[in-house]
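Engineer: Sequence:
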Amino acid sequence: MTGTDSLILSRRDLDFLLYDWLDVTALTARPRYADHDRGTFDAVLELSEAIATRHFATHNKKSDAQEPTFDGEKVHIIPEVGAALKVFAEAGLIGAAMDYEIGGMQLPAVVAGACTAWFQAANVGTAAYPFLTVGNANLLRAHGSAEQVETFVRPMVEGRFFGTMCLSEPQAGSSLADITTRAVPQDDGTYRITGTKMWISGGEHEISENIVHLVLAKIPGGPAGVKGISLFIVPKFLVEDDGALGERNDVALVGLNHKMGYRGTTNTLLNFGEGRYTPGGAAGAVGYLVGEANHGLSYMFHMMNEARIGVGQGATALGYTGYLHALDYARSRPQGRAAGSKDPASPQVPIIEHADVRRMLLAQKSYAEGALALNLYCSRLLDEERTAEREADRAEARLLLDVLTPIAKSWPSQWCLAANDLAIQVHGGYGYTREYNVEQFYRDNRLNPIHEGTHGIQALDLLGRKVIMRDSAGLALLLATIAATTAKAAAVGGEAAELAARLEGAAGRVATTTATVWSTGDPAIALANAATYLEAVGHVVLAWIWLEQYLAVGDRSEPFHEGKRQAARYFFRVELPRTGPQFDLLDSLDVTARDCRADWF
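One point on numbering: in the UniProt record's numbering, the residue at position 420 of the sequence shown is 420, and numbering is uninterrupted.
Honestly, the hints are just simulated from the structure, not real lab data.
Please note: incorrect hints may appear among the correct ones.
[Stated by the list, open to error] Calculated lysine to any residue pairs in the SDA-like style (CA-CA distance at most 25 Å, straight line):
1. Lys227 - Arg276
2. Lys227 - Leu399
3. Lys259 - Arg443
4. Lys227 - Arg337
Here the structure is a predicted model, which is why all the values come from computation and not from measurement.
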């Protein structure tokens, strides 16, 4: 399938978001993107759709049913995964947004993000390997030495090496201050790494020549807590001066984690310095310091923030493809008759004719299409941060992206999972069987509220850091950006002005509630309901995104555009009102959860 009839994504919607709303062709006036035009953007989007359809979607169910196994020596993955990734790499898509000088295409981040969405929707498990590799390469490009870039980044761009991020440990989880992995300096400038890392996606496999692990560890004698964390490159195989692979590094797979979904991506427990391999005859895995010692967490946030937005987009892609599958089923499944029809001999109608099914489809549409628009807007901000002519504009884009990142990660992870739940419901009993795809989409998507920082962690980040940093400059910028949209809608008049008025009221609650929850000066009270704050502010942001789409439709009246308007109406009438009671709860400074003692459960 291609174009509008694809069950993976909607190319029609992508074109609307990229060209009608975000005006990505305007980026070609900037020096970095001057070699491109709409023709090159369309070509790479078409290529991505074709590869995703022919090489990724075709083994999605198989890689779920036949998940990776470990025989004590090697990890075994179905061959279709490696074959698909070979096609992906040969197409140059790993370096889609990277610089020409390291083999990239130098596409705008927003176009590269749209391309990535095809692969996440087609097969999120296989797409995770290049997703992690791109983030790894981007971090090293920003913070590594020229030698490290040449040795490790270029082979990743070529698809010969894949990358990981190694943060969590069994005893520490998300509390990185408590990691115990050690990095002991050696006379030759390298370090010897010892410790255990848990939940490492892509941590072991045979589908690339090498695996480049980015490992957080502490150098003995450094500061306590997160201030003493450094970042190291720890490759599976050492790399010789001429680029050839050398000895096996002392990175050993302990075992694979067996997941509810997302099964196509190996998820590993790794031991560094176990002694199974001894490069150079010495104990410990050989590691190379990235940047300066004790700055590792700040470097890792480069990859983590990119990954958080990418996780949000992965959640969106799964919610979107689930919606398209549910829509297709609802159009083709006859059952029941129109309300009021009493003739049992009359033909059954497709279930899409029933109001409750349309309700479920509208909800999915509003979640998935709204989330995709938010994802691409964040990528467009990244392009502004990189290439805007004025430093002030670059700084503003950076600040707004900082504020939106926890929302862009968590809102799709919550509500596109809800979309998958509704997709199962539309299918009825069939949706709960493995013969239909929607049950896998739900299982795959259930990981997204957890990894790269749980929903609760993103909530603490938004309320505890992002909206109060720099005297609330980020929150003020977000609200001003929303106000610019409502002013534009008010000038249009009619229904647009009505929606704008509703959004203005909700945005006002964001401002007053934020002030109220911090009015006591007690972080324990302020953060007691941070998850409610994240959900409420997220809904306000998505209402803004839907008003933006409503305005971009203009006066066009094709079915596609009418569908956009109706989804916007649904979100404003059904979803946005949810925030009222949430803001009321936050304003009350409720501490019910905080004050519940552990022995009361």
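Engineer: Just pull the numbers of the violated hints for me, sorted ascending.
Structural biologist: 1, 4
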